[in-house]
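Given the coordinates of chain U, work out where chain A should sit on it, guided by the hints.
As given, the protein sequences belong to chains U and A, one line each in that order. Numbering follows the UniProt record's numbering, with no gaps: position 191 of the first sequence is 191. Numbering follows the UniProt record's numbering, with no gaps: position 110 of the second sequence is 110.
Do not rely on the hints blindly, as some may be mistaken.
Heads up, the list lumps identical chains together, so a pair's fine if it works in one copy or across two of them.
30 angstroms max Cα-Cα, derived DSSO-like pairs, lysine-lysine [unchecked claim]:
| no. | residue 1 | residue 2 |
| --- | --- | --- |
| 1 | 91 | 215 |
| 2 | 215 | 144 |
| 3 | 360 | 215 |
| 4 | 279 | 87 |
| 5 | 300 | 173 |
| 6 | 173 | 312 |
| 7 | 123 | 360 |
| 8 | 87 | 77 |
| 9 | 77 | 312 |
| 10 | 215 | 173 |
| 11 | 300 | 360 |
| 12 | 22 | 91 |
| 13 | 279 | 123 |
| 14 | 289 | 300 |
| 15 | 158 | 300 |
If you are wondering where the hints come from, they were derived from the structure by calculation, not from laboratory data. Bear in mind that the values here come from a model prediction, so they are computed numbers and not experimental data.
Protein chains: 2
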Amino acid sequence: MTTLTKTYEPLTETTAIELAIKLHFFENSTSINCKEIGDGNLNLVFHLTDENNKGVIIKQALPYAKVVGESWPLTLKRAQIESNSLKEAAKHVPSLVPTVYYTDEHLAITVMEDLSHLTISRKGLMNGEDYPLLSEHIGQFLAKTLFYTSDFGLNQQKKKLLQQQFANPELCKITEDLVFTDPFYDSETNNFERELLPVVSEIWNDSSLKLEVAKLKYSFLTNGEALLHGDLHTGSIFASNNETKVIDPEFAFFGPIGFDVGQFFANLIVNALSREPQKQGVLFDHINKTWDVFTTEFTKQWTLDSVEYFTKTEGYLSYVFQSILEDTIGYAGCELIRRTIGLAHVADLDNIPSIETRLKAKTKALQLGKYFILNRANIHSVEDFIQVSLQHVQQ
Amino acid sequence: MTTLTKTYEPLTETTAIELAIKLHFFENSTSINCKEIGDGNLNLVFHLTDENNKGVIIKQALPYAKVVGESWPLTLKRAQIESNSLKEAAKHVPSLVPTVYYTDEHLAITVMEDLSHLTISRKGLMNGEDYPLLSEHIGQFLAKTLFYTSDFGLNQQKKKLLQQQFANPELCKITEDLVFTDPFYDSETNNFERELLPVVSEIWNDSSLKLEVAKLKYSFLTNGEALLHGDLHTGSIFASNNETKVIDPEFAFFGPIGFDVGQFFANLIVNALSREPQKQGVLFDHINKTWDVFTTEFTKQWTLDSVEYFTKTEGYLSYVFQSILEDTIGYAGCELIRRTIGLAHVADLDNIPSIETRLKAKTKALQLGKYFILNRANIHSVEDFIQVSLQHVQQ
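The following block holds chain U by itself, in its conformation from the complex:
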């Protein structure tokens, strides 16, 4: 048996099994099945099961991003950020995140609950699933994880220490570049069909759009409102008809609340763009319900669990919601654009088989993204947000 050392090296299926036995997840190695199932760009993910179908996940961060080869080095510290973030979320929404069983900081390993009975929600939504509880659960997830790590719900001195612990410069840089910068000029990281060039050029030459993106990026850089998931798209959510589990929070850091909400909404919209009109409604219902649950729960917590003197002040909560909604819309706009022409695409759009339909859907994503960014301050309710979205999606 190979000795597991504290010097970092990537696990193999063999050493992953050894680790699981060492940690007493399984009795012996004879009946353990192990498969590397990582389809992300940054990690190894081993799925281990025994003959009774008892399973466990061993995730290990890689010291580079696979998407661009080994030439893009990445801190291993993100494994610790991820497991700390899961543990923090488990304090507030234990049923909505995988349980973390074990972490090893040096080896960048997290051992956690096997969720293989669930499907990644992006994949499920692309297969026509509706996930009736998705919005109820994500609304709860957002309300609880964001409120209880904000200056409204967490002792303000403790919040500063938690913020210090979640400084995450390298992963933030990926977002800063790939979401807020590169898609808005002719960067070599961009990636889109040449037929889109006319509408892409419009984006690159629109200085009023760039000014608004600059403001959104600045807020992402400076505005430490709460501990975000940081990458809350439908590919970071496992789902079934009964369960929802949010995974992969390695981008976690203290940022603007609307960023998490906006990424989730935008990814529901790209899925809508890939569906036939009569099957799109459920996605906008999810947006509506998510916002409703989020604000209802947040309001309850604001009333019962506030640590901030001014939460009793008339008008403050509605000001906070209006700010979050404005940010949400702006960040949703950035996400729509970057997922269409930036480095990291979404399968919802890329897998549309007909080139014509695909280009039409992508053009709509870009136009809607632009509209969101430019008009976010004039959209005052989630109903208006949905109406504007429908106008673009179903035009």
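For chain A alone, kept in the frame of chain U given last:
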């Protein structure tokens, strides 16, 4: 000779001399004069000189705040924050801060340049000094220290690490409570002449004012734009007709840029309120010039030393200045109110001998503070800010 140990204990004049000799600032103890000159609330400050008038300052943080007795414990880490902040500022404006010669983290000691040839500018201004270079220097100080620690002038990943290093929860809490919370309700920390109660009650009952203070406090809690001095009033500035040195940055943390600017402006205004009308003009000239130098230098740096892609975007710089001005005005308003009715007063107002004149000046400070907070978004230039100030001060 007493052995200096690494266990914290407050220095005495004798052990301060021993430390200076150990560090080779002086040859021997026979001719060294040592005097504790701290007039702050949080530290011991020893001024040591030899027979040639060569001097040095030894500052040591106390583990409690003197202002409320030993019952208010305070982290000694602030000594490290202070010396790190002075060293950071020295990279950008070496002539505007005292040189740090030595620091001892465990003993919370900073040994630094003797500035006893200068006067604390609050004291000088109260004695009728005008300090012709004050605004030129503070404008430079603000532009350089704030730009080069912001996401515009500092690599955004390095900025996050610096921000982590300057997490300063305990000192921030003092500001959160004493500047943004306690003065706005009937807190027992408040302190004001009973004749002011009618106008103070108006403040406490004004829910639109409280809503705006809530927003300013939230920005102070969340908006990590740049490494602030954090306590930039005229008592933190040594001056003469030729020199200016900014001291005491133990409140340093990453916060909204306008907080530093606003505190400085408000403290010039309280001094104006203590002067005869014909001697007030110089203070408003200082405000005008500070803003002019600050924006001119900031613009130069923005053009030459930007690390942010979007600084080339049309309209972005003027948006940034407008935001900073709006914050500046709001924070100046909070400072005017808390220095009048909060725990920590300013001698400018408290030393006005006639009770009638004093109450009149304090009432003006409160009214102007309120006006700033409520109307900060509608004041679009420093000229308008000065005009509004003059209308209140000279009414």
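Cross-check of the supplied hints:
1. In this assembly of identical chains, the alpha carbons of residue 91 and residue 215 lie at most 30 angstroms apart only when taken from different copies (28 angstroms versus 33 angstroms within one copy).
2. For the identical chains of this complex, residue 215 and residue 144 are neighbours both inside a copy (27 angstroms) and across copies (22 angstroms), given an alpha-carbon limit of 30 angstroms.
3. For the identical chains of this complex, residue 360 and residue 215 are intra-copy neighbours only, at 29 angstroms inside a copy versus 42 angstroms across copies, given an alpha-carbon limit of 30 angstroms.
4. Taking the shortest alpha-carbon separations for residue 279 and residue 87, neither the intra-copy value of 36 angstroms nor the inter-copy value of 61 angstroms comes in at or below 30 angstroms.
5. Taking the shortest alpha-carbon separations for residue 300 and residue 173, only the inter-copy value of 26 angstroms comes in at or below 30 angstroms, while the best intra-copy value is 35 angstroms.
6. Taking identical chains as interchangeable, the C-alpha atoms of residue 173 and residue 312 lie at most 30 angstroms apart only when they sit on different chains, with a minimum of 20 angstroms there against 37 angstroms within one chain.
7. When the C-alpha separation of residue 123 and residue 360 is checked against a cutoff of 30 angstroms, the pair qualifies only within one copy, where the shortest distance is 21 angstroms, while the shortest distance between copies is 70 angstroms.
8. In this assembly of identical chains, residue 87 and residue 77 lie within 30 angstroms of each other by CA distance both inside one copy and across copies; the values are 16 angstroms within and 28 angstroms between.
9. With identical chains, the CA atoms of residue 77 and residue 312 are never at most 30 angstroms apart, being 39 angstroms at best within one copy and 33 angstroms at best between copies.
10. In this assembly of identical chains, the alpha carbons of residue 215 and residue 173 lie at most 30 angstroms apart whether taken from the same copy (16 angstroms) or from different copies (28 angstroms).
11. In this assembly of identical chains, the alpha carbons of residue 300 and residue 360 never lie at most 30 angstroms apart, being 42 angstroms within a copy and 44 angstroms across copies at closest.
12. Taking the shortest Cα distances, residue 22 and residue 91 sit within 30 angstroms of each other inside one copy (27 angstroms), while across copies they are farther apart (52 angstroms).
13. In this assembly of identical chains, the alpha carbons of residue 279 and residue 123 lie at most 30 angstroms apart only when taken from the same copy (16 angstroms versus 73 angstroms across copies).
14. Taking identical chains as interchangeable, the C-alpha atoms of residue 289 and residue 300 lie at most 30 angstroms apart only when both belong to the same chain, with a minimum of 16 angstroms there against 49 angstroms between chains.
15. When the C-alpha separation of residue 158 and residue 300 is checked against a cutoff of 30 angstroms, the pair qualifies only within one copy, where the shortest distance is 22 angstroms, while the shortest distance between copies is 38 angstroms.
Hint compliance for this structure: hints 4, 9 and 11 are not met, and every other hint is.
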